[in-house]
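Student: If you read the protein sequences in the order shown, they are chains A and B. According to my numbering, the residues represented by the first sequence are 1 to 121, in order. According to my numbering, the residues represented by the second sequence are 122 to 387, in order.
The set of hints was computed from the structure by calculation and includes no laboratory data. A hint or two may mislead.
So, partial list: chain A residues that the calculated Cβ filter (under 7 Å) puts toward chain B [as the list claims (entries may be wrong)]: (1) M1; (2) Y2; (3) L31; (4) F32; (5) F36; (6) N42; (7) P44; (8) F45; (9) N47; (10) V48; (11) V50.
Stretch by stretch, here's where chain A covers chain B in the computed footprint (C-beta under 8 Å, at least three residues) [as the list claims (entries may be wrong)]: (12) 241–247; (13) 258–271.
Each residue gets a CB set at the ideal place from its N, CA and C atoms; glycine is no exception.
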Amino acid sequence: MYSWIWEKLPGSWPIKLAEAIVALAVVVVVLFVAVFPAVEPNLPFNNVTVDEGVTTPDVSSSTAPVPPSPTSATPSGAGSPVPTLVEEGGAPGSADLTGDQGGSTEIPVGPATVTPAPLPS
Amino acid sequence: MVPVGTDPPSRLDGSETGVTVIIPVKVSGPSGPPQGDRTRRAVGVVGEVFITLGVLLLLLCVYQLWWTNVESAKATDVVRDEISSEWETTPVIKSATGGKPGTIARPASGKGFAFLYIPRINDKVWRLPVIQGTSLSVLAEGAGHYTSSALPGQVGNFAVAAHRATHNEPFRDIDAIKPGDKVYVETKAGWYTYVLDRYKIVKPTDTWVINPVPSKTKETPTKALITLTTCNPRWASYERWIWWGHLTKATAKSDGPPDGINPRSA
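Using the sequences and the accompanying hints, generate a full structural model.
Tutor: Listed below in structure tokens is the structure:
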């Protein structure tokens, strides 16, 4: 394969060498600019969001049905020392919401204008 | 071993330089090489294909481990400058009542609108741009804001995702964070201090973690929370690492950054 390419390159050997280096550089550039970025979404270590396999749950609507979630089957803290806190019926750390405030400022209480938008997929 | 079809070397004179080059020249003509030669050539081609695949995989590693970081670092700087210059050239958002930050408009998709500061992992997360949306192209430029989640300081859940490996890996050291660590968020309107409370490793499908109240039941939020999501394990990402925290302080931009925070240096 490569000896065949070498034979097909025109010119004397220093010219062939230069041609081979240029050809190699072109291949690498095409890989880095076009091929690898296209392959990347399929690689297994670029997924950082919670969305896989879920069909656009409406997180802002209280009437939407809860999307099927396999979490209930997950043993809590599987594979890691997870500090288990209250999960249902209370925000984490809600008791000391104003604990760090020093009484100087207030939490702005404005309605969260959460617009219904699909999760990225 | 009997050399089959050994090629006689040909001589080329490097004339002036006096270099003598010996190049093997194939002599087996179109009449067809002997059987052994053909097999040898087939094995050689297969070997070359394997070597080529190996080199391709090595190049892919170089791309992932090095080049994506180079490109993302550049892209992050560009977005950072865009946000800074936009904040400098348009008037500061003020609230009706002094002391509290005003409300920023919901940013357009792909637009940077905030900076993230986490002192514990400040070599990666310091003035890290937060960009609206969580597509791969957004995550290559900084942290991505889950479009439907709350904005900084709002009641609800301000949910952010970022890479833990490749693409500048902002959340590389997510496992170094400890409960009680602070996260500062800077917007055009103000500074927000969150305290991280707990983490959990969940499945990628557990979208409840970014709910306004992070639970499986749909509850009406009463608190302003923050959620950080990234991949786990770092190089496999078949799980998600989730940090939750709550807002403790919000100040107007005119009051300057929180104590001990110098936005320009960690």
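Student: Each hint: holds or not?
Tutor: Consistency of the hints with the structure:
1. M1: holds (5 Å)
2. Y2: With a minimum Cβ separation of about 6 Å from chain B (threshold 7 Å), the hint on A/Y2 holds.
3. L31: Holds - the Cβ of A/L31 comes within 7 Å of chain B, reaching about 6 Å at its closest.
4. F32: Constraint on A/F32 satisfied, holds at 6 Å.
5. F36: Because about 4 Å separates A/F36 from the closest Cβ in chain B, which is inside the 7 Å limit, the hint holds.
6. N42: Violated, because the Cβ-Cβ distance from A/N42 to chain B comes to roughly 11 Å (cut-off 7 Å).
7. P44: Hint on A/P44: holds, closest Cβ of chain B at ~6 Å, below 7 Å.
8. F45: Hint on A/F45: holds, closest Cβ of chain B at ~5 Å, below 7 Å.
9. N47: holds (5 Å)
10. V48: The hint holds - A/V48 has a Cβ within 7 Å of chain B, the shortest such distance being about 5 Å.
11. V50: holds (5 Å)
12. 241–247: It is violated: at least three residues are needed, and the region 241–247 of chain B offers just 0 whose Cβ sits closer than 8 Å to chain A.
13. 258–271: holds (count 7)
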